[in-house]
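J.: Sequence:
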Amino acid sequence: MSKTHTLRGLIQELRYAIPDSGLKDNLAFQYIVEQYRKYNTTDQQLCKAREEMDFIANSYLCYLRSSRLSRQIHDEFHGKGERSVQDTARMVGFKLPHDPK
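Residue numbers for the sequence shown follow full-length UniProt numbering, so the first one is 1 and each next one is one higher.
Just so you know, the hints here were simulated from the structure itself, not pulled from any lab data. We put the CB at the ideal spot given by N, CA and C, even for glycine. Please note that a few of the clues may not be correct.
As the list claims (entries may be wrong) - In silico DSSO-like links for lysine-lysine, alpha-carbon gap of 27 Å or less:
no., residue 1, residue 2
1, LYS38, LYS48
2, LYS95, LYS80
3, LYS3, LYS24
4, LYS38, LYS24
5, LYS48, LYS3
6, LYS3, LYS38
Stated by the list, open to error - Per label pair, the in silico range of CB-to-CB distance:
no., residue 1, residue 2, range
7, HIS98, GLU52, 27 to 37 Å
8, ASP75, ALA28, 34 to 44 Å
9, HIS78, GLU52, 35 to 45 Å
10, PRO19, GLU82, 27 to 37 Å
11, ARG8, ARG83, 31 to 41 Å
12, ASP20, SER84, 35 to 45 Å
13, HIS98, ALA17, 18 to 28 Å
14, PRO97, GLN12, 51 to 61 Å
15, GLY81, HIS5, 15 to 25 Å
16, THR4, SER67, 21 to 31 Å
17, PHE55, HIS98, 19 to 29 Å
18, ILE18, GLU51, 38 to 48 Å
19, ASN26, SER66, 31 to 41 Å
Please model the complete structure; the sequences and the hints are all you need to start from.
T.: So, in structure tokens, the structure goes:
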């Protein structure tokens with residue numbers, strides 16, 4: 001994953017995590033951008049801190065994305081009491097056979 005792609009992914013996930021406030025005032029956003037600017041090296045230069053920053057950024061992006069998806073799955077499939085057979089079949093993508101009576 002390229003460095004720009006990782007940064008864009010982090011910004012997108014921060015927007016999902018904090019939808020009401022602007023990102024410019026967010027401390028997490030400011031810190032991430034500051035670190036990317038601090039370790040702004042080309043791909044040809046060898047910089048151990050840059051590699052470590054990329055690893056941490058990818059890990060944090062994975063964490064944010066996984067947390068959001070986990071919350072979505074929980075909200076969608078969280079138990080709402082007893083479900084009917086038809087609701088359960090629809091939830092897993094099946095259709096019940098039609099009874100022609």
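J.: If you check each hint against the structure, which ones fail?
T.: Result: hints 7, 8, 13, 14, 15, 17, 18, 19 break, sorted rising.
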